[in-house]
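Take these sequences, add in the hints, and give me the full structure.
Heads up, our numbering is the position in the first sequence plus 2, with the first residue counted as 1.
What the hints contain is simulated information worked out from the structure, not anything from laboratory work.
Take these hints with a grain of salt, some might be off.
With a straight-line cut-off of 25 Å between C-alpha atoms, the simulated DMTMM-like cross-links for lysine to aspartate or glutamate are [to be verified]:
{"id": "1", "residue 1": "K403", "residue 2": "E269"}
{"id": "2", "residue 1": "K211", "residue 2": "E269"}
{"id": "3", "residue 1": "K237", "residue 2": "D276"}
{"id": "4", "residue 1": "K255", "residue 2": "E278"}
{"id": "5", "residue 1": "K116", "residue 2": "E269"}
{"id": "6", "residue 1": "K22", "residue 2": "D158"}
{"id": "7", "residue 1": "K297", "residue 2": "D52"}
{"id": "8", "residue 1": "K233", "residue 2": "E216"}
{"id": "9", "residue 1": "K403", "residue 2": "E320"}
{"id": "10", "residue 1": "K116", "residue 2": "E23"}
{"id": "11", "residue 1": "K148", "residue 2": "E198"}
{"id": "12", "residue 1": "K403", "residue 2": "D261"}
{"id": "13", "residue 1": "K297", "residue 2": "E277"}
{"id": "14", "residue 1": "K297", "residue 2": "E336"}
{"id": "15", "residue 1": "K148", "residue 2": "E25"}
{"id": "16", "residue 1": "K22", "residue 2": "D11"}
{"id": "17", "residue 1": "K22", "residue 2": "E277"}
{"id": "18", "residue 1": "K116", "residue 2": "E126"}
{"id": "19", "residue 1": "K297", "residue 2": "D230"}
{"id": "20", "residue 1": "K124", "residue 2": "E278"}
{"id": "21", "residue 1": "K35", "residue 2": "D11"}
{"id": "22", "residue 1": "K116", "residue 2": "D312"}
{"id": "23", "residue 1": "K327", "residue 2": "E278"}
{"id": "24", "residue 1": "K297", "residue 2": "E269"}
{"id": "25", "residue 1": "K29", "residue 2": "D121"}
{"id": "26", "residue 1": "K116", "residue 2": "D276"}
{"id": "27", "residue 1": "K255", "residue 2": "E319"}
{"id": "28", "residue 1": "K297", "residue 2": "E338"}
DEER-style ranges, computed between Cβ atoms [unchecked claim]:
{"id": "29", "residue 1": "M10", "residue 2": "A363", "range": "36 to 44 Å"}
{"id": "30", "residue 1": "G345", "residue 2": "A412", "range": "16 to 24 Å"}
{"id": "31", "residue 1": "L168", "residue 2": "D69", "range": "39 to 47 Å"}
{"id": "32", "residue 1": "L168", "residue 2": "A140", "range": "25 to 33 Å"}
{"id": "33", "residue 1": "P331", "residue 2": "V383", "range": "14 to 22 Å"}
{"id": "34", "residue 1": "R115", "residue 2": "V232", "range": "28 to 36 Å"}
{"id": "35", "residue 1": "M10", "residue 2": "A326", "range": "45 to 53 Å"}
{"id": "36", "residue 1": "R115", "residue 2": "E156", "range": "36 to 44 Å"}
{"id": "37", "residue 1": "I170", "residue 2": "D141", "range": "22 to 30 Å"}
{"id": "38", "residue 1": "D119", "residue 2": "A212", "range": "28 to 36 Å"}
{"id": "39", "residue 1": "P293", "residue 2": "N111", "range": "33 to 41 Å"}
{"id": "40", "residue 1": "N111", "residue 2": "A140", "range": "45 to 53 Å"}
Using N, Cα and C, we set each Cβ at its ideal position, and we do this for glycine too.
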Amino acid sequence: MIPISEQMDLLRAGTLEIIKEAELEEKLARAGKEGRPLVVKQGFDPSAPDLHLGHAIGLRKLRQFQDLGHRVVVIIGDYTGMVGDPSERSDTRPRLTHEQVLANAATYNEQLRKIVDPDPAKLEVVMNGAWFSRMSFADVMDLAGKYTVARILERDDFTARFKGELPISIHELFYPLMQGYDSVEIRADVELGATEQKFNCLVAREIQKAYGVEPEVVMLLPVLEGTDGVKRMSKSTGNYIGISEAPREIYGKTMSVPDEIIARYFELAACVSDEEAAEVRRELADPAVNPRDLKRRLARAIVALYYSEDEARGAEEEFDRIFAKGGLPDEIPEPEVVLAGQGDLSSVWIVAVVKGAGLAASNGEARRLIQQGGLRVDGEVVRDVDYALSLEEPRLIQAGKRRFVRIVPANVRLEG
RNA sequence: GGGGAGGUUCCCGAGUGGUCAAAGGGAACAGACUGUAAAUCUGUCGGCGAAGCCUUCGGAGGUUCGAAUCCUCCCCUCCCCA
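Put into structure tokens, the structure is as follows:
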């Protein structure tokens, strides 16, 4: 058994705040004495089926708890997902249907296993519909009676929306209460969350007390910025790097991160040691060091974390080939191409080809791409929007710097 | 229930009878450059084989040669009063 003080050091590493440390210490001690593992909770919003590097921070902390012998309960918020977390939102979220939520939640399970220990004794994944779907209206009123409007409105984003005269639907006020009730149901000892979850987690403590359950310890973790370097990483913003993405995608997306957050990514996304992080900061400050090279190292480290050193090197080689040397990727998709209003394969209008291959959403977009010099056919730039192309032979089409498509006659369908 | 302010293209937001497919910013896409899918700069950014035409400014009608802009009704949001 590891001494409590060491457990605390381990768990404290990388967390921004623990509410309250003394309670955690107490819980750890009791768990050790009674041989009863702690229940560690983290909730996920099922609106986005891809787990990304931001989620990974919390998942790794969950893993630490598991390795110390504790039990992790991951809550897929299928019911809360129908509300949508109002955190950091300036507007009402679009409501998902229950079917959408279920479909999204299904993919979480598999992805979780990339980081968290899947041993059923140490991991439980539940959807909060398990209890919310069974609550009667009287139960809901009971829950609603445990908290006050003023306390809910203390929350920044509600206040901001309220002051900004923006709509807040009644059901959104329930979000923190529901999240809190999850903690009641599973008897959570600890809840992990990114800093923006502080309010929700603190409400959970109150709700637990109101239901006569010992309040959970709240551990707040840093929020990772997305690939734009500013907004927090999230699927809906489109600035995320998914942990299940292909190595080349993870590598490439990492390379697109602004230089300013390289060090932060080393710490939070590549989770290097403190010494290494310090070394990176030194190098970043050194004008002789090209930040690009640090970013390459970062990208390799992140890929290696989810795949392997080999795959990381492979992704790097491919990246260099495409961007530094203008070469080709390892795999080039061969999509179905539907051509409308074209006579035969020997002479096909280039605009129709680009659109048909899915490289542009409309003829206008395809035309623009061509006019701007962004289109290559078999390596040659084509700028003529009236260009006629024979598709009787396979063709390599490149749109911009990184979208490649091979058109083979067998995949071409003429329509109209 | 009464009074007031609003709903504009992916997002924010200007526009109050023609010069509006609609300013500006963001996002996105392309090009240049480079140290990289960073930064910066430039261009594009509703649809149509591009000519002119078609569809768009909460919805439905109406006025007008002409409507995002004016009128009527409806839907939705916010504020104040009750």
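Holds or violated: K22 with E277, Cα cutoff 25 Å? 28 Å, violated
Is the hinted range of 45 to 53 Å satisfied by the C-beta distance from N111 to A140? Violated, at about 33 Å.
Verify the proposed pairing of K297 with E277, using a straight-line Cα cut of 25 Å. 18 Å, holds
Given the hint that K327 pairs with E278, does the C-alpha gap stay at or below 25 Å? 31 Å, violated
Next pair to validate is K403 with E269; report whether the Cα-Cα distance is within 25 Å. Violated. K403 to E269 sits at ~30 Å, over the 25 Å cutoff.
22 to 30 Å was suggested as the range; check whether the CB atoms of I170 and D141 agree with it. Holds, since I170 and D141 (Cβ atoms, about 23 Å apart) stay within the stated range.
Hinted pair, alpha-carbon criterion (25 Å max): K29, D121. Please report holds or violated. Between K29 and D121 the Cα gap is close to 23 Å, so the pair holds against 25 Å.
Can the restraint linking K148 and E25 be considered satisfied, given a maximum Cα separation of 25 Å? Distance ~23 Å between K148 and E25 Cα, so the pair holds.
Would the pair K116 and D312 pass a check requiring their Cα atoms to be no farther apart than 25 Å? The hint holds at about 18 Å.
Run the distance test for K255 versus E319: straight-line Cα separation, threshold 25 Å. 15 Å, holds
Range hint compliance [Cβ, M10 to A363, 36 to 44 Å]: 54 Å, violated
Could you say whether the range 25 to 33 Å given as a hint is met by the Cβ separation of L168 and A140? Since the Cβ atoms of L168 and A140 sit about 32 Å apart, the hinted range of 25 to 33 Å holds.
Against the hints set out earlier in the document, violations occur for numbers 1, 2, 3, 8, 10, 14, 17, 20, 23, 28, 29 and 40.
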